[in-house]
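Could you put the whole structure together from the sequences, leaning on the hints where they help?
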Amino acid sequence: VSRSVCDYFFEAQERASEAENVPPVIPTPHHYLLSVYRHKIFFVAVIQSEVPPLFVIEFLHRVVDTFQDYFGVCSEVMIKDNVVVVYEVLEEMLDNGFPLATESNILKELIKPPTILRTVVNTITGSTNVGDQLPTGQLSVVPWRRTGVKYTNNEAYFDVIEEIDAIIDKSGSTITAEIQGVIDACVKLTGMPDLTLSFMNPRLLDDVSFHPCVRFKRWESERILSFIPPDGNFRLLSYHVSAQNLVAIPVYVKHNISFRDSSSLGRFEITVGPKQTMGKTVEGVMVTSQMPKSVLNMTLTPSQGTHIFDPVTKLLSWDVGKINPQKLPSLKGSVSLQAGTSKPDENPTINLQFKIQQLAISGLKVNRLDMYGEKYKPFKGIKYMTKAGKFQVRT
Amino acid sequence: MSGNGLSYSEQGAEAAADLGQEAAPTTGPSAPVAFGLFSSDTKKNEDLKQMLESSKDSAKLDAMKRIVGMIAKGKNASELFPAVVKNVASKNIEIKKLVYVYLMRYAEEQQDLALLSISTFQRALKDPNQLIRASALRVLSSIRVPIIVPIMMLAIKEACSDLSPYVRKNAAHAIQKLYSLDPEQKEMLIEVIEKLLKDRSTLVAGSVVMAFEEVCPDRIDLIHKNYRKLCHLLVDVEEWGQVVIIHMLTRYARTQFVSPWKDDEVVEEYSENNFYESDEEQKEKDQKVKNTYTMDPDHRLLLRNTKPLLQSRNAAVVMAVAQLYWHLAPKSEASIVAKSLVRLLRSNREVQYIVLQNIATMSIQRKGMFEPYLKSFYVRSTDPTMIKTLKLEILTNLANEANISTLLREFQTYVRSQDKQFAAATIQAIGRCATNITEVTDTCLNGLVCLLSNRDEIVVAESVVVIKKLLQTQPAHHCEIIKHMAKLLDNITVPVARASILWLIGEYCERVPKIAPDVLRKTAKSFTNEDDLVKLQILNLGAKLYLTNSKQTKLLTQYVLNLGKYDQSYDIRDRTRFIRQLIVPNEKSGALSKYAKKIFLAQKPAPLLESPFKDRDHFQLGTLSHTLNSRASGYLELSDWPEVAPDPSVRDVDVAESAKEWTGNLDKTKKEKPTEKFYSESEEEEDESASTSASESESGSESEKQDEEEGSSVDTSGSSTSSEESSDSESDSKESTAKKTSRAANESVSENIKKKAKDTSKKRNTSNSSDTESTPSEKSSSDSKSESDSKSDSESEKSVSATSTKKEEKQVHDKKASNKQDVFLLDLDDFYPVTTPVAAPTAAVLSTSLTADLEGLCLSNSSVIDVTTQVAVPTKTHELLHRMSGKGLAAHYHFSRQPSIFGDGMVSVQVTVTNTTDQKIENIHIEEKKLPPGMRMHDFNPIECLEPAGSITVPMGIDFCDSTQMASFQLCTKDGRFNVTIQPPVGELLLPVTMSEKDFKKEQGMLIGMNETSATIAVALQNSTRHVIIERVVKAANLGIVPSGQDNIHRFAAKTAHSGSLVLVTVELKESSTAQLVINTEKTVIGSVLLRELKPVLSQG
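So the protein lines, in turn, are chains A and B. So the working numbering is basically just the index in the first sequence, starting at one, shifted up by 42. So the working numbering is basically just the index in the second sequence, starting at one, shifted up by 5.
Take the hints with a grain of salt, since some may be wrong.
[Unchecked claim] Derived contacts from chain A toward chain B, CB cut-off under 7 Å, selection only: (1) E92; (2) P94; (3) E100; (4) Y129; (5) P141; (6) I209; (7) F258; (8) L357.
[Unchecked claim] The calculated SDA-like cross-link candidates involving lysine to any residue, where the alpha carbons are at most 25 Å apart (straight line), are: (9) B/K344 / A/W261; (10) B/K78 / A/F52; (11) A/K432 / B/L379; (12) B/K380 / B/A407.
[Claimed, not checked] For each label pair, taking beta carbons as the anchor points, the in silico distance ranges come out as: (13) B/L306 / A/M234: 27 to 33 Å; (14) A/L370 / B/K78: 38 to 44 Å; (15) B/N451 / A/N339: 44 to 50 Å; (16) B/C484 / A/G375: 46 to 52 Å; (17) A/D107 / B/G373: 49 to 55 Å; (18) B/H623 / A/N195: 32 to 38 Å; (19) A/P69 / B/P960: 52 to 58 Å; (20) B/E338 / A/K259: 16 to 22 Å; (21) A/D107 / B/E338: 31 to 37 Å; (22) A/N243 / B/R305: 28 to 34 Å; (23) B/E338 / A/P69: 30 to 36 Å.
Note that these hints are calculated values from the structure, not bench results. None of the values given here were measured: they were computed from a predicted structure. Backbone N, C-alpha and C fix where the C-beta goes; we use that ideal spot for every residue, glycine too.
Here it is, written out as structure tokens:
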């Protein structure tokens, strides 16, 4: 495959006004280009014949995840600097177009990730960062875990993170709302521990998807998560609490945005307040809004936090911080429009981000965590958090 | 699957994409820079070369890193090839890895030099570390050099019986690579695939199915026996493998099971369209099939085993299961996938895009499936446009009377979107809803009319177009709207919209008699400035008005027609001429003008507003073709359901048969390499290992016990079989096989199965014997009886030794296994080559190998062999054409090891053709030889006629040019042509040479260095006798024995058939049962291949 196939991609890229609009699948006379866009980089795969597109896309995402895992950030500079490692990793991940090893646990055993310390050691001792050991995991029944793991502090942390996706309409009523949750785990346990995790209210989980380590049969029969965990950080499961259950929306937004036909000035006013938070404080509140193209500038004064309006991208962002229920944060001011243009026919939508610690908005609770197969007593910890996912308020 | 070198292009693209973001003209500056640096580049290469040649690993590593960097930047680093290749044997793993990367990139360009590295890989293939074996195989198969195809083939064959599943997995990958390099190897590869399909390891399953899809997707018969195993293993296979297997099984199930939809179709509310059959047909069938349909248990098994995979974190797996359910499950069950698909919408934009496309197709056919998730498809302002459009599409598909009001409210928000493209799409969606749901048509129309006063031109234009379409469906009461639109004409500039308005006015000019002429007047004024599309409509309008209201508009129309006559566009000129002829009465006008009014003002059918996804349903969901809505290369059509299910029993793996097969197989393998095979099988998979080895020895031990304790029953079966056998010299060994078979079967299962086993074993034996009879030519060619005797002796000796090894093993496992027996036997069927469902072909396959092993006693009577010891050289018979694929014509060939009578350089091949049909086969001859350059072939004389059950052996000669490339040709009969291939083992490319020890040493002295390949092998003590070594070496290759002065050194000499280069083989026995094997020859490739073939021959126990 010659490099020139990429030209088709650049063409498509130029045609698309925004990076996001580049189609993921581009047919060319002899090949098909499948791309993913992450971290402001396009990753393109060239394929020659029929193949499930998701197969390729999912793989590309996995590649990006691996890079991120290896280098901390997945940026253009990082890839250029580590081109050798990148090649080595890709070499292990793919054989003739078929994915080989995609678990980062195994890859790290094969090719050790570069760290400053190791670079120093390597230059002194002349050793390599390619593991000479056979990745035991790949051949065993639990391909995701390597053998011979040892820790002095044995600990297992689980983060239950829930995200609320919601669309709120002009009048403040909820159009759709659903909860997407994940349980991310950080397990640092010696040996081959076998863990079980049970919930107080497993019925809540409507649709779940597991890390391959979870034994599906036990979930089906007992609603218990039973698994031999991979070493380190991993996503144990992600779940979905359906829209049928009523979702408590923890914040509300009062807004008053108006443009007048005659003058080039408009009014802008937003207030954010808590609602159904179960006594917890709402933190990390961030309001962003994409203004219409005709907006020239905004003069606003926030009662709290800082705000930025980028006149090029027309993006307004207001970093609110914590919400104090006694003194609701608000942002007031005026909008100046380009002279001569008619008023925009749609008010901008407001995107909201926030965090609530120690609360799982769906009410999910972990009952207990047990460990079998090893003798020591691990330290266990569980954290809950609720975040805004795609939380939009139409105005 | 995806193109080779995916990783590279990916890299390249990525790097390039980065550049593309920084500065648009990427290639512009970089190209001249590279050119300018050219001189310094070569200098740099010099010092890279020096670094590569330095003794320090760190310097080499540094150099390799820089070279890889060069590759990444797209610079040509090929001139460093020789320097890099030298490092292929480096001890440092990182250097090695980078050299591999380099090799794969440039080997195809520098084929000759790449060959230098081959021997390193061949050595690595024997490495005790499975990781190294695997990576050697990977790289070897990635070097795309046609010359090494035979080496690759050998390596793959070897690797697919490797003990490590990881190596076997890589073998499966190598199959695809070899196939893309040389499609000629297909037949052989299919054999390997067949073997690997039987593998029980979850590691292998995914890769081998991938290879299957690539090489022989149509050989669905290979799947039958493995179907259930695959279903069971599916959950444990790694995720990428799952995707491939599920897609394969979908296709499989579509050919093997009857449709589960027949029942539902009547009940199902939304299935107004039948997928693949016409309505009437379906109805008829419904009458018949209704309530009689029961799902095949295997079909159910597949659905049940794939369901948990909906929970996978891998979107591709979920999609694969979804499409499987969509295509295979009864409609009532298919809806469970909806939830999982909706879940996928949370992930990345690319995944969303593909999933939404698939949902769009699904939602057209079965609305009910996604209705509960309607709100999940609501559009967010942050979605990219393509996602928005797809969501809108789905929402439109899902619209029905119940939810239309909420939907329309939602649509109203979208129309005001800043994204105008999306707003326009929304208007179209409203239009579609309006036509589909009659209750809301008026509401929609009113809404759209309101939009006409929108300030945005695109929105207005789009609404005009949609209104036009809507009005067409019910024009009766909408004069007002038409009037309104006529007023708008002054403001709208978008051509499509203007054209639409003009068309509307023209079409309904009788309803707006006052406005129409006025509009024509206005447009006539601006005619010259209009778009072509609008001009055409002006002409149309004029014509229609002329016909209905000629008084007012005659002049105007003529004016317009005149303008049109001199227009730049030929389309418009044509149209003008046509209209003029048609409507303006003159003396020449024919009969047509009378009908002008009818022609122009005919009732036009209303357009159907359809989903653009309507026509996608003929593609399998989740495929690339579906995404693109065009056939991608390599797309495999999903077949229709069969009318009647094919025999489900083909998937049955009969317990008795398998037991029999298994023991038979065991015996056979034992005879070949007892110990090695034994372990390799017992270590198939970790959790399986105990059971396998146990059961393996179990049956042996049990049979032993039975022999002692209740020998009577066994004896009957044993004797009954033996009585039916031809009392040959070989009957001994065969009998023992048969006995063991029936014993194993006997003890493994209860009475009734015992009978079956007997039957089958009988069957097999008879076919064996018939086969023996059918190849008398082979036997007659064997020179002396005494030799064949000695041969059979040695055979039986071996089997005895095999049994003894078995005995030792069995004592260990005996007790452990006895209580689990049944379970094991069930497992076994997947484990062992259970060839084909019917008994007959089984026998045939077995018999070929048996003939090879036992019967072919043809001696090479080359005069050159200095027969100091009695050596029997059996001829290995290879299959040329199987009787199943040859429509009853079977052909085998063997190398007679005689100098060819047809010419120098040729290897003589004896082809035995057998007629297994009950009719005569006439005119058997050879056609269409496809030989690699340089190869020659001398055909056999055409066989005029072959009687039923007759068989004939004919000689032919092939000059293989000292390569192991295949000779392919067509074997033709009067009625058929069959593609066949002959591939010579390297040992058959040689002709033995006599020479003295002194000459040998002299010649050997001249063939050192590059021309020498050697290996150290382990040789068991009992094999180190002169007799055994000579027998084995000569059996494997056509070598002449050189008399030797020392007891521990054995020498063999031969020359290649084509070029006459000497090939000298030395086996030197060392202490502690190792031996040094040295081959000296100018033909290094032959040398290394020969070395590899001889190694196992000598080292086996």
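Okay, the hints, checked on the actual structure:
1. Taken as an interface hint, A/E92 checks out: its beta carbon lies about 4 Å from the nearest beta carbon of chain B, inside 7 Å.
2. Against a cut-off of 7 Å between C-beta atoms, the interface hint on A/P94 holds, since the closest Cβ of chain B lies about 5 Å away.
3. For A/E100, the shortest C-beta to C-beta distance to chain B is roughly 4 Å, which falls under 7 Å, so the interface hint holds.
4. Nearest Cβ of chain B to the Cβ of A/Y129: about 5 Å, under the 7 Å cut. The hint holds.
5. Evaluation of the A/P141 hint against chain B yields a held restraint, the C-beta minimum of about 4 Å falling below 7 Å.
6. With 7 Å as the threshold, the beta carbon of A/I209 comes within range of chain B, its nearest partner Cβ sitting at about 6 Å, so the hint holds.
7. The interface hint given for A/F258 is met, as the beta carbon of that residue sits about 5 Å from the closest beta carbon of chain B, less than 7 Å.
8. Contact between A/L357 and chain B, as hinted, is not supported at the beta carbon level, the nearest pair being about 11 Å apart and thus beyond 7 Å.
9. Only pairs whose Cα atoms come within 25 Å are accepted, and B/K344 paired with A/W261 is accepted, the gap being roughly 18 Å.
10. Proximity of B/K78 to A/F52 is assessed by CA-CA distance (about 17 Å); at most 25 Å being required, the pair is judged to hold.
11. With a C-alpha separation of about 17 Å, the suggested pairing of A/K432 with B/L379 holds against the 25 Å cut-off.
12. The suggested pairing of B/K380 with B/A407 holds, with an alpha-carbon distance near 14 Å, which does not exceed 25 Å.
13. For the pair B/L306 and A/M234, the supplied restraint of 27 to 33 Å holds, since their beta-carbon distance comes to about 32 Å.
14. At roughly 56 Å, the beta-carbon separation of A/L370 and B/K78 lies outside the given 38 to 44 Å, and the hint is violated.
15. Restraint check, B/N451 to A/N339: a C-beta distance of roughly 39 Å breaks the suggested window 44 to 50 Å.
16. Distance hint for B/C484 and A/G375: a CB-CB separation of about 50 Å, consistent with the stated range 46 to 52 Å.
17. About 36 Å separates the C-beta atoms of A/D107 and B/G373, a value inconsistent with the hinted range of 49 to 55 Å.
18. For the pair B/H623 and A/N195, the supplied restraint of 32 to 38 Å is violated, since their beta-carbon distance comes to about 59 Å.
19. Between A/P69 and B/P960 the C-beta distance comes to about 54 Å, which sits within the given range of 52 to 58 Å.
20. Evaluation of the 16 to 22 Å hint for B/E338 and A/K259 yields a pass: the beta carbon distance comes to about 20 Å.
21. For the pair A/D107 and B/E338, the supplied restraint of 31 to 37 Å holds, since their beta-carbon distance comes to about 33 Å.
22. Distance hint check for A/N243 and B/R305: the Cβ-Cβ separation is about 33 Å, which falls inside the suggested range of 28 to 34 Å.
23. About 34 Å separates the C-beta atoms of B/E338 and A/P69, a value consistent with the hinted range of 30 to 36 Å.
The structure shown violates the earlier hints numbered 8, 14, 15, 17, 18.
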